Amino acid sequence: MLIDLRNVSKVYKAGDVVVTALIDLTMKVEQGEFVAIIGQSGSGKTTLLDILGCLSHPTSGGYWLDGESVNELPDSRITTIRNKKIGFIFQTFHLLPRKTALENVQLPLMYARMPRATQHDRAKELLTMVGLKDRLYHYSNQLSGGQQQRVAIARALANRPALLLADEPTGNLDSKSGNDILNVFEHLHQQGQTIIIITHDPLIAQRAERRITLSDGKIVSNEVTHPSSEITV
Amino acid sequence: MLLAIIHDAFKNLSANLLRSGLTMLGVIIGVASVIAMIAIVEGGQVWLVSSLERLGTNLLFVWKKRLTVEERRMFAGRNIMLKYEDALAIRQHFPELTVAPEVGFDGQLKIGDRDFSGRITGTSPEYSEIRNFFPAAGRFLTTADLQEWRRSVVLGKTVAEVLFGSESPIGKEVKIFGGVKKAKKGKKGDVTKVEKKEQETVEEYRFVVIGVMQPKGEIHGRDWDEKVFIPATTLLRFFKGKNRIEYMVIYVPDRNRMDEFSRKLHQFLVQRHEGVDDIRIRNQGDFLGAVEQTLWTFRIVLGGIALVALLVGGIGIMNIMLVTVTERTREIGLRKAIGARREDILLQFLIESTTISIIGGGLGIILGIFAAYGFGNLVAQAMPGGGDWGAVVEPTAILIAFTFAVGVGILFGLFPAMKASKLDPAEALRYQ
Chain X
1 MLIDLRNVSK
11 VYKAGDVVVT
21 ALIDLTMKVE
31 QGEFVAIIGQ
41 SGSGKTTLLD
51 ILGCLSHPTS
61 GGYWLDGESV
71 NELPDSRITT
81 IRNKKIGFIF
91 QTFHLLPRKT
101 ALENVQLPLM
111 YARMPRATQH
121 DRAKELLTMV
131 GLKDRLYHYS
141 NQLSGGQQQR
151 VAIARALANR
161 PALLLADEPT
171 GNLDSKSGND
181 ILNVFEHLHQ
191 QGQTIIIITH
201 DPLIAQRAER
211 RITLSDGKIV
221 SNEVTHPSSE
231 ITV
Chain H
1 MLLAIIHDAF
11 KNLSANLLRS
21 GLTMLGVIIG
31 VASVIAMIAI
41 VEGGQVWLVS
51 SLERLGTNLL
61 FVWKKRLTVE
71 ERRMFAGRNI
81 MLKYEDALAI
91 RQHFPELTVA
101 PEVGFDGQLK
111 IGDRDFSGRI
121 TGTSPEYSEI
131 RNFFPAAGRF
141 LTTADLQEWR
151 RSVVLGKTVA
161 EVLFGSESPI
171 GKEVKIFGGV
181 KKAKKGKKGD
191 VTKVEKKEQE
201 TVEEYRFVVI
211 GVMQPKGEIH
221 GRDWDEKVFI
231 PATTLLRFFK
241 GKNRIEYMVI
251 YVPDRNRMDE
261 FSRKLHQFLV
271 QRHEGVDDIR
281 IRNQGDFLGA
291 VEQTLWTFRI
301 VLGGIALVAL
311 LVGGIGIMNI
321 MLVTVTERTR
331 EIGLRKAIGA
341 RREDILLQFL
351 IESTTISIIG
361 GGLGIILGIF
371 AAYGFGNLVA
381 QAMPGGGDWG
391 AVVEPTAILI
401 AFTFAVGVGI
411 LFGLFPAMKA
421 SKLDPAEALR
431 YQ
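As given, the protein sequences belong to chains X and H, one line each in that order.
Going by this note's numbering, the first residue of the first sequence is number 1, and it counts up by one from there.
Going by this note's numbering, the first residue of the second sequence is number 1, and it counts up by one from there.
There is no bait here: all hints are sound.
Chain H regions said to be covered by chain X (calculated; three or more residues, Cβ under 8 angstroms):
(1) 9 to 23
(2) 337 to 349
(3) 416 to 428
To be clear, the hints were calculated from the coordinates, so they are not data collected in a lab.
None of the values given here were measured: they were computed from a predicted structure.
Every residue gets a Cβ at the ideal spot worked out from N, C-alpha and C, and that includes glycine.
Produce the entire structure from the sequences given, and follow the hints as far as they go.
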């Protein structure tokens, strides 16, 4: 089991106002699954993403990632988990400006203390894989939205993460580019990559094999849309 | 990794060229002012020491103390005041010392229709050696000149030029007027003003020029080329009518025995003056020490002001780094999300602030050296007799300023960098 969330709650305090974002949430994800988490804004999607991505801790409850109890790990180990086991893809791409596509993809490799020459080769390989072989030295502002998101995917995959976490990956893209990105995801899924997509769009959620619907911090439905064997590209 | 971070720092700084430049300016001005200030004070010291050396070294100055009217009355009849004989006695009693008495009056030299007014100094042959001041033509005063009250005169370079132009003055005659020897002719009250004046300036003697001094220029506001020397004995006999001298300059061969001789001389003279302590001995070293202390004060005050400027530059760095951290909150969040450790972020921002201070420091050194020489020249022109006050840029000053600048960059970069490294990744990622 890759992800094991048990009775997770998250409470935010802003002054006197207490907001409960997640209430007693339990979910599991197996290795190799393609899961969509769907919900309206305010349903707790982002909070769930933060916890799954080890960007924040639950207020109560337990989180086991790949067998490790994340809550009990020291900060330095969590940083390493983010670097090695999780690949993030964001709606707004989050590429660094003034850096080439290659340099952006090299970043997680650099933080993994990989030798410079190896970084370069690996980044090139990843960009080739997402179809940007001839855009290696383009700066992020010289790339289209779809291309930027492909760079972000390459970056997310840099250290061969166990989990790919995508937060509204097509939200800032036109439908064609969005579809291209989803095709990339399906392709990765076929190769055995575990993927969790967070979205508010049911059409996108349909592309995944399992759909978890979130409302007011609770899971309201958990349905298998189609078994992995039936997926066609 | 480090290389990549440094590369990033340069990229980020050059992306905000105006901002980086203005921030650097604070450091540049700080470093430049530290270097310039220290260089100018250092130059002052070199100038001072060299000018004192031109006046002669290892010298003791023996002055008479000014006595009050009461003291004078009390000591009446005793052998007080500094006299020519005191100099002779010291010479005899302390053969290892070299003694030159000095006494003078404001007089006038005249030849034909040319004249020169100035201070006429009576001294002895030793003067030349002690004061490191030698004749360029002819000779200085000799023992014979003094023993025989000869009317020999040695002219300063300017005096010789005024009186003789390009001609050689050696062997020529000049008239010397002046002195304070009062005429005691006529009854008080019944002389006219004109007659009185004539009576008071009757001293007028013909002197033979025996030498012209080499140029020495101005030292501490006195032009040594306007000096006129005659034998001390001659001066006392013809122009003063008494044997009091103004002071003695005594050369001590061994620098380490200055204080010892100062004490011994004092004792010796008090004894000669029948127990009256009416003399004062000043050590040239004391004078130098006092001035050096003043220079140290200057060094600390000016250096301090400059360091404050550098500190202000550091605050500028901190300010801009805080802005940078805020601006790049999302970037920091992203870097953390993809695996940057706290120390990676810390290092990144610390290197950026240090880069500012290193570049600023480097440019500051260049500016500081230029400013030091420029300002040094300005000081030299403004100061009378400061003609050779040049700035001295010490490598240690450069090192201090640069080290301090880099230190400021690290110190003031530390707070913003720590702030950046402590950001919560989830919040930072979604910072608007």
